[in-house]
Structures are given as C-alpha cells and as structure tokens.
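Trainee: What follows is each chain in one-letter form.
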Amino acid sequence: MFASSQSTQRSNRSFFIVGSVIAVVGLLLTTRAVFAQGADPPEYREFPVIGSRVAIWVTSQVHLNFAAFMLGVPMFALVVEYLGFRSGDRRYDSLAREFTKLVLVAASTTAAFGALFTFLLFTLYPNYMSRLTDVFLPTMVIYPLLFFGEIFTLYLYWYSWDSLNTPRGKPWHLALGLLLNLFGTALMFIANAWLTFAISPESGGRPLYNNLGNFTGTLWQAVNNTTWWPLNLHRTIANVSFGGSIVGMYAAMRFLNAKTDAERAHYDWMGYVGNFIAVIGLIPLPFAGYLLGREIYAFSQQMGVTMMGGFLSWLWILQAILIAVIFLSANYYLWIGMQRIEGGERYRGVVKALLVVLTVGVLVWATPHNPVVTPEEQSQIGSAFHPLLGVLGVMSAKNTAVNMMILATFLSFLFYRRAGKGQPLPFARQGRAAPIVLAVVAAICLVLAGSPAVYVLREGLGATSRLLRVLLTALHGLVIIAGVVLTVRDRGALGQWLILASAAFVVVFFGVYGYFVESIIRIGFSTYQVLAVLTALIAVVAIDAYLYRGAPDLGTIRWGKMPARTQYILILLAVTFTWLMGLMGYARNAIRQHWHIYEVLQDTSVDAFSPGLGFAARVISICVLLFLALIGFIFWLGSLGEAKEKEKPPQEAAEALPASTSASD
Amino acid sequence: MANTLKVSAFIVLVVVAIAAFASAIPQLESPAPKVLAITADMSGAELAALGQTVFESPEAGCAACHAVGRAGLRGPDLAGIGSAAAGRVAGESAEVYLRKSIVEPCDHVVAGYDCIMPPTLLNTLGEAKVTALVAYMQSLGGEITVKYSGEPSAGGAPPAGGAAALPGTTAQEILASAGCVGCHKIGELGANPGLGPDLSQLGRSSTPEAIRRAILAPDESIAGNCPKKDEAGTVTAGPCAPGLMPKDYGQKLSAAQLETLVTFLSELK
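Chains as they are written, first to last, in this note's numbering: chain A, 1091 to 1755; chain B, 102 to 370.
In isolation and in its complexed conformation, chain B is listed as follows:
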C-alpha cells in the first residue's frame, strides 16, 4: 500500500512538473477571426456600427493609417467623408466612391497622399465586411444608403483548397498585387515611411528561410525596426505592431509566387 501511494505521488509530481513547465514557456494563442453576422435585413445604423468594428480590427488594419477628426499617420482624416465623398468624382455617388476607395484605392488618391493602401481588402475581408465599412464611412457626416444584399457571411474566408488568388508572376507584380508596398518601402517601390520595416536591403540581414517564414508567419518574430511617425511628423524606429501584417499569404500566394518573392527580397543587398 505504501508503495502504491508513493507511485501515485510520483505520477502526480511528474504530471504537475510537466504542466508547470508548459505554463512557464511563452504562451501563444491563435485567435479566431471575429465573426460578424451581417444580414440583408440590417438597418443602415446597424451596418455602420459593424463597419466601425471592422475599421478598428487588426484584420482590416484601417486605423493604422486613418483617423476620424484628425489627420491619420499616413492617410487622410475621415471626418465628414460621408458627405464629402459625393462630390469627389463627377457622376459617382458617395456609396460608389467609398466602395472604390476601399476596393481599388489607387483609383482615388487624395491630393497630398501616396497610394500606399493595399488593394487586397476585398479578398481579406469579403463582401459583407466591405459593405459594412462603406456604411461606416457614410455615417461619418453623410446618409447611409448602402445595403447588404448577400447571404449571411462570416467574411474573409479564403477559397476552399487554398488556391492562389493573387495575380502576378514577376516579383514587382506580386509585391503590388499582394499589397506589400502599401506598408513596406522596397527600394524605389512602396510607402516611405511605411507601416512595416524598410526592406530595401533585406538580403543583408535575413536568410531566404527567415524571409519565407516572415511572409508566412509574420507574428512569429516581430521586427524591431518599424518606422514610427508621431503627430509632428518625426520618424523614428521601434518595434512593429504585432497582428498588423496579414497572416494568410500562405493561402493567397502560390508556391512559385512565394519563392519568387523570397528570391527577390533575399537579393536586395
């Protein structure tokens, strides 16, 4: 009996020791994307409220550049955009203009700003969340006219089977279609300063393997040299914000596209 008790205590000790070790090493969770139940029968106000949630989510990343009521760090102030949008382009309603600004951002670049906004939001977010974003923009000083007519959508789900959805075969084409240049300065390309680190000489400090991992799992190692622009416009360097870079490039890029990017970036010295 004494031996049985000793063995039991030993087993408990071993199990507790393993669990304690597992609790002591870095704890990483994988959050699920926020599911927004967007339906056709929603009122404009409800849609706009969901749109604000999308706007502030890391998944969309809008708030990283834009602000409401003050100039954003990299993008225009969105206060009053709901009414201002109507008169921006002749023949385009506010709803059409705003949607285009989100889906094809380089078609409507506000004077004084560069086209650094990624053209991938429709792919990333899905139709329902983009519609909600338009409703939110309209609610900023305008009338909400947009309606979501589609099926209930979780939004953002990639096509089944993980087929590559992005166009482009050369490195420059892929960098543009994947929206990399929206956040990174890469030689003559891209935002300056961007949200992410300057990659112009990436090949000097990173191996091809590290570059590949950084594309596929960006939060695995957070770079410490992201440009930080304060409200006075002064640019300094500091740790990058985790969760900002999309984590689904492994699903969007084909293997050939990925390797083209890795080779191109590793040769930047």
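Isolated chain A, as found in the complex:
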C-alpha cells in the first residue's frame, strides 16, 4: 500500500526539478540584486497593490510553514522509523515511509517559496538586506550548500528505503534520516541567526554596533546573539509538535475518507501517533517560550515591555485562547480515545477533574491584566486594573495556570498509556539495570531542580525568600528520591502520585507567594515552578516505563472505532497550530517596531508602523489557508498511485491492523 509507485516517483522527480529551477533562478536574481548595485540604489521598492509588507509577510510565513513541515515531519519520520526498527512492528516503518513521501513532494514548494521570499527581500528592502549581507555573507554562501545537502540526503533516504530495509542496512538508513535532520536543523539555525540578529544585535551583553552605526562584532557574535539559542530551542520543539499535528490532520482526512475498517484502523492509529508526538512537543514548549521571553527582557527592558505590556499586550490573550484550544483538543482526543481501550473506563471519573483543572487554567491564562475600558470607566474603577480579575491577570497566576495545565495534560497521557494495562509486574522482574537507570534519572532531576541554587546564593535575596527556595527545592528532591525508592519496593504508582503532588505544591506555593514579594523576586519564582514540573515529568515517565513494562493487557484496542468528531479535533489541532505559528511570527517581528535592526537601522518605509492585531489576523489567516490548501494538494499528490497498489492483494492493509493491544506503543 505504501510502496512508491513509478508514477509517484516520476512526479516527485519532476517537482524537484521544477522547484530547483525556481530556487536557482531566485538565487541568480538575488545575486544580481546584491552585486549589480547602481550609483544610488533606492532604500525601498514598492510591491504593487498589496504593498511590500504584505508581500514579504505572506511569502515568508508560507515558506516558514513549509520549512517547519520539512523539518518537523522528517523528525517525526526518524523517530517513528526508529521505533519500528526497535519493536519490529512494520506499521511504524510504513508510517515513516508514507510521510517521507510527502516531504519529498513538499520540498519543491518549500524551495519555491524560499526563493520567492529571498528575491522579494533583496528587491524590496535592498538597504536592509545590504546591511545584513555585510554581516552574514559567509552564512549566505553556506545556506544554499546546506539546502542542497538536505535535498540530496532526502532523496538518498527515500530511494534507499527498500535496499537498506535489512537488519544490517536499517541502521545506515536511520543514519541517513539523522543526517537529513541535521541538515534541516542547521538550515533553521542559520535562518534563525539572521532573524534574531535583527531583534537583538548584541552578544554576551555587548552591543554589536557602535554609536555611528558601524558593525563592530564578529560573524560568530552576530550569529550567537542574545536571542539565537532560545529561538533555536523554541523552534526545534515547536517543529516537532507542528510535524505531529500535520501528521494527525493527514490521518484524520484519510480516516474520514476511508472505505474499509482496515483503513480506518490504520489511520486511527496514525492519528494517535501524530497527536502523541504533537503533545510531547507541546508540553515543554511553554518552557522554551519562557526562556525566549526572558532573554528578550535581558536584552532590552523596553522591548520586553513592548512585547508583554505595550501594543502587543492583547496578542497574548489571543495566544492564550489558541493554546487553550490546543490543550483542550489534545486532551479531549485522548479522553475519547480511552473509550476504545478495554480498561480505559477506569479513568472516566478522573477525566472530569482534569477538565476542571484545564478549564480553570484556561480562564486564568486568558484573563487580561488591563480590562477594556474607557478613561471615564477607568476613573470610576479608580485603577487601570479590575479589582477582582486584575489579580488573575498577572504572571504569578498565569505561570501557575500554565504549569497546572501541563501537569493535567501529562496525567491524561499517563492514563491513556496505562488504560489497557493490568497490574504492574514486581519491580524485581525488570532486570538489574532498572534500579540503576532510575537512580541516574533521579540524580539528573536533582541536578536540574537544584541548579537555581547557584543564583539563590548569588542574588541579594532576603533570608526568608532564600530559605523558602532552598527548602522547597530540597523537599521536591527528596520526594523524587522517595518516588524511586517506592518504585523499587513495588509501590511505584504511589511514588508517581507523590512526585506529581510535590510538583503541583511547588507550582501553587510560588504562585501564591509571588503576590507578596517584589516583581524582581517574583520573576525568579517561575524558574522553580518550571523545574518542579519538568523534573516531575522526567521522573514519572522513567518510573512508568518500568512500572508497566510487561504488564498484562486487559483487552484489545479497537482501532478505527473513533467517532468522526475526534478526527475534526485532530484537524482543529493542526489548524490552530499553524495559526499560532503565524501569530508568533508576527510577534517576533512586531517587537522590533519601526526598526529593521533594533536601534540600529530604522525602518523609514511607508510600512514602518506596526499594524494592529486585526490586520495581522487577516494576513495570518490568508497565510494559513494558503498553506493548508497547498498541503492538501500535496496530500492528494501523495495519494496518487495508491489506487494501483490497492488492486494488489491486501498484504500491507493487513499489516495496518494493530498487532499490539498496548496504548503505549
């Protein structure tokens, strides 16, 4: 069913050729724009009808969506192929292959939009691009080379699938997949350097331009600017999540159009895997976002305030709504999914509690700090903040809410994972390595949780604040150790609950305590909240892996027995994710306001003002619809050639039926 037909290969090749031609033409035109400078080149050129801003915005956003697809889906494919290799389950291999085929088709579209974007940038903003080229020229030479490396590796990865599908060949094929991902990640890191340099032209606390506007740094300093690594981290995790959500959408569309139970079972399973990967990425994403925000504040308080409290303040309310949709959708899908697992009904009651936690979390997160009031109404209130809701609009409440939502989502996964499992086996049967592995995991958690101790000692904090931080960190560390000890003594479930309860306590405690201290101290509390949750997730996952390894199955998973509405949830997840990516792209650029390079090169074009959210929403919506339409077309292209395969004996279709009953596969 998933073997590539000759016609598909031909269409892939022709798409690659067309894409490459467009990319090369774009690069040539770009090169002309760079080197064929007249005596007095204009600072700006105007794009007809829609203007330069919208032209650049749409091409860059659609290109970035495709680039995220090109990065996220190979990550997904590599992980899934590896799982198939380790487990011997051929479904995974087929899944990885099916999506690599889609990446193959998407490559040319990505290249075409990339070339168009570059061409428009150099043509419409020659002065700005000239300044960037002065700094980044070597990377602009490396970039296309890496791109060709990525494309050729992609072709090698795809065309060697059959020939390397042997016990000896598979590790080499996986190595090719890894190389493909390394090329893609390197490309993203370079593009991130260009983008973040414009946001924060500073490295190691040292400005990279002098007062005359001359660049005084090195290439490496320009690349390794203040916000580069945080954005690299944020985008890498986001791409994993995005890749998973697109896989989920693909599976949902195929599920809804499936003709047979076997197809429905296969695409139901595929949707489950896509959602799983999406949520795995989603859980640490707020942490990475927090780190990026903190670095922006560290670079410029003014920029930080513009971002969170200035003209972009309402953007975060919209972001909260979108993330709420993602969290609730992902959880809802899991809860409904438990109904197809025999034994899943045990957790129906707990789901209601999780829904309450998530709903309250969403309400708090979406509470604006400043209400929408006229100056007269504000005079009557007597403050810019609502007397009751204003309390929920601050970071103490919001950080607490998001951490609790992450814990609730994690619990949903935990219940889903163990839904079809019976009593755990005695820990002694997990092998000699098990206690050692758990001890190492506990040690890692202790180091992570204790890492802020360095800052506690360095910061000029009051004795009470310092004591509380040390005590809570130590307490959480002790609970993790206790959790591991309980697991070894066959009380692992209790150990897990203790660790999760400890994390929730730390989150709530610092959330409440934050109201009683200065903001400069309060900001530091979020680190403890994040680390408590992160270490709890790591420890509980490690314990769970041993707790339910080899545990008896309670029954079968009825793959394919999912109501249609769950498939719409997967689609909603992907659409919201794509929209959210567009919104974050707008945020990243809008924080520079009227600067091409912040505080160095001012934007003096007609588009120098930063538009409001409504205008941004309309442009983002156009980008999302354009991207999804093109992705839909690619899905359709990918499905061509399957008709002939279906006429063959349904050997592959039989493989699509689940071999295992475990939801943790």
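Keep in mind the hints are simulated off the structure, nothing from the lab.
A hint or two may mislead.
[What the hints assert, rightly or not] No more than 27 Å apart at the CA atoms, straight line, and that leaves these computed lysine-lysine pairs for DSS-like: (1) B/K201 x B/K107; (2) B/K107 x A/K1349; (3) B/K107 x A/K1651.
[As the list claims (entries may be wrong)] Example chain B residues on the side facing chain A (calculated, C-beta under 8 Å, incomplete): (4) F111; (5) I112; (6) V113; (7) V116; (8) I119; (9) Q128; (10) L129; (11) A133; (12) R314; (13) A318.
[Unchecked claim] Just the calculated beta-carbon pair ranges, DEER-fashion: (14) A/Y1387 x B/V210: 36 to 44 Å; (15) A/A1523 x B/L106: 49 to 57 Å; (16) B/P132 x A/F1242: 45 to 53 Å; (17) B/A121 x A/F1723: 24 to 32 Å; (18) B/K107 x A/G1303: 53 to 61 Å.
Since we're looking at a predicted model, the values are computed, not measured.
Ideal Cβ positions, reconstructed from N, Cα and C, are used throughout, including at glycine.
Go by the hints and put chain B onto chain A.
Mentor: Only chain B this time, still in chain A's reference frame:
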C-alpha cells in the same frame, strides 16, 4: 469528496473565527516616529515649516503647554518670539536664545512662569529637529537665520545598544534629568498643576510593578486623574492625553536608575 468539502468548510470556519476574535479585541498599533528629511540645503522657510510640524507633534509635545497668539495652558504665548528673543539677554542673538530655551529651558525662564519644561528635548528629538524648531520660532515675527549644517537626519534615534544617556544617581537627580518634574508634581518638586497626574502619594495606589510599567510603557494604561486647566485658569481632573509621555525611558534609564525611581515613587504615601 463530501468529507473533503466538509473538512475544508470546517478549516475555513475555524480560521475565520480566530480572525474575527482577533479583530474584536482592542486594536493597538505602534506608529513609527515621523521621519523628517532635514537637509543642509533647505531654505529657512522650508526649515520653519518642518519646525511647525515638530512643534505640533506628540513626540515633542510643545503644543501641550505653548500656544501662538494666546497664552498657553502652562507656557508663554509664542507670538512674536522671533523678534522678541533678540533683546531678551544681552549679547545673545535670537537664534542662540531660542536654542538655549529649548535645550536648556531653565536657563531662560520667562517671568511669571515656573521651570517645568523638560530639559530632554535635544535627546528626544535630535539636532536636526531642534534646529527646525528654532527656525519655526524665528519665523514667528522674526528673521530666519538658523541653518542646519549636519548630515540628513531622521532625528531622535537613541544611541545604538540602548546605553543610558541620562545623568543622575539619586531619585531627585534622575527625576530632574529625565524631565519627570516638568509634567508631574511630586511632593515639593515639579509642576503644579502639571500635565500629568500628581505623583505625591503614588505609593498608596500603585504597586512597584505598576509604577515600573507606567514608566516604561506609559500608554499601556492611561491615568484618569490628570489636571485640566481651562483658559479661565480653573483646574479640574480628567483622563490624561495618550501619547504625551515619552515612551523611551526604557532606553534612557539604566536598570539601576529605573529601580531607584520605582522605589522612590512607591514609597510616596
């Protein structure tokens, strides 16, 4: 096919719903500062015309206190200032006097007025716009003699890297150098009534965090208790004018200066 159409309609519905929500919540734009192409070859009249634009812009905020042809709400009437300036201080030409009045306003305070004008205009506007302002003042009844000799300037750009440009280490020094007292009454300091709210007891109603945000992003929450002085001189309270308070204190103040101010203001009870 029917399912594909349903899915397409669903996607469009979701996207439109998000866009509609985004359009329904408060719409805030970030305007770019007006770029004035001031060049050395400009005639006096051209320079004065640009100067009038600067005078009326919120960025400079001159019109908030001064008027031409009638007494301003807080500052002197500028009608005829172009000729009157020449005789104000012995040995100072009109051009020198006017420039000093803008850059170092407390050196030349007109009788009957307090020194409430912020001494930060050169920092905020840049040399080119200050020159244009002088030309505009000269055009009010005098001869335009000032020339701009510098490079083409967008004006007002802060130094790269955001280094603190304002002097002062104590709260009082910073309040003076940042020009806060030009608009706010702060205990014994400052204008009374000022353009902005009286901050003498700010610590009673605002947390340190709110004060910090109000300094860094003044338009985020517009206070409702600004003094309003009508032409009869009666003072009432009402909503403050958005856009009047400079938004670049985050670039001008060092972190230590900012925290000194926040601590000082939050202790005013």
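Trainee: Against the range 36 to 44 Å, how does the distance between the Cβ atoms of A/Y1387 and B/V210 compare: consistent or not?
Mentor: 40 Å, holds
Trainee: Could you check if B/A318 really has its C-beta closer than 8 Å to a C-beta on chain A?
Mentor: Holds. Min distance 5 Å.
Trainee: Is the hint on B/R314 kept, meaning its closest Cβ partner in chain A is under 8 Å away?
Mentor: OK, holds: B/R314 within 8 Å of chain A, min 5 Å.
Trainee: Assuming the hint says 53 to 61 Å, is it satisfied by the Cβ distance from B/K107 to A/G1303 or not?
Mentor: 56 Å, holds
Trainee: Against the 27 Å threshold, does the CA-CA distance of B/K107 and A/K1349 hold or violate the hint?
Mentor: Roughly 17 Å separates the two Cα atoms, so the pair holds.
Trainee: With a cut-off of 8 Å, does the beta carbon of B/A133 approach a beta carbon of chain A closely enough for the hint to hold?
Mentor: Given a least distance of 3 Å, the restraint on B/A133 holds.
Trainee: Minimum Cβ distance from B/I112 to chain A below 8 Å?
Mentor: It holds, given that the least Cβ distance between B/I112 and chain A is near 5 Å, below 8 Å.
Trainee: Does the alpha-carbon distance linking B/K201 and B/K107 stay inside the 27 Å limit?
Mentor: 71 Å, violated
Trainee: Take the shortest C-beta to C-beta distance between B/F111 and chain A; is it under 8 Å?
Mentor: Cβ of B/F111 sits 6 Å from chain A, so the hint holds.
Trainee: Please test the hint of 49 to 57 Å on the beta carbon pair from A/A1523 and B/L106.
Mentor: 54 Å, holds
Trainee: Given B/I119 was flagged as interface, is its beta-carbon under 8 Å from a beta-carbon of chain A?
Mentor: 6 Å, holds
Trainee: Does B/V116 pass the interface check with chain A, least Cβ-Cβ distance below 8 Å?
Mentor: 5 Å, holds
Violated hints amount to a single one, hint 1; each of the other numbered hints is respected by the structure.
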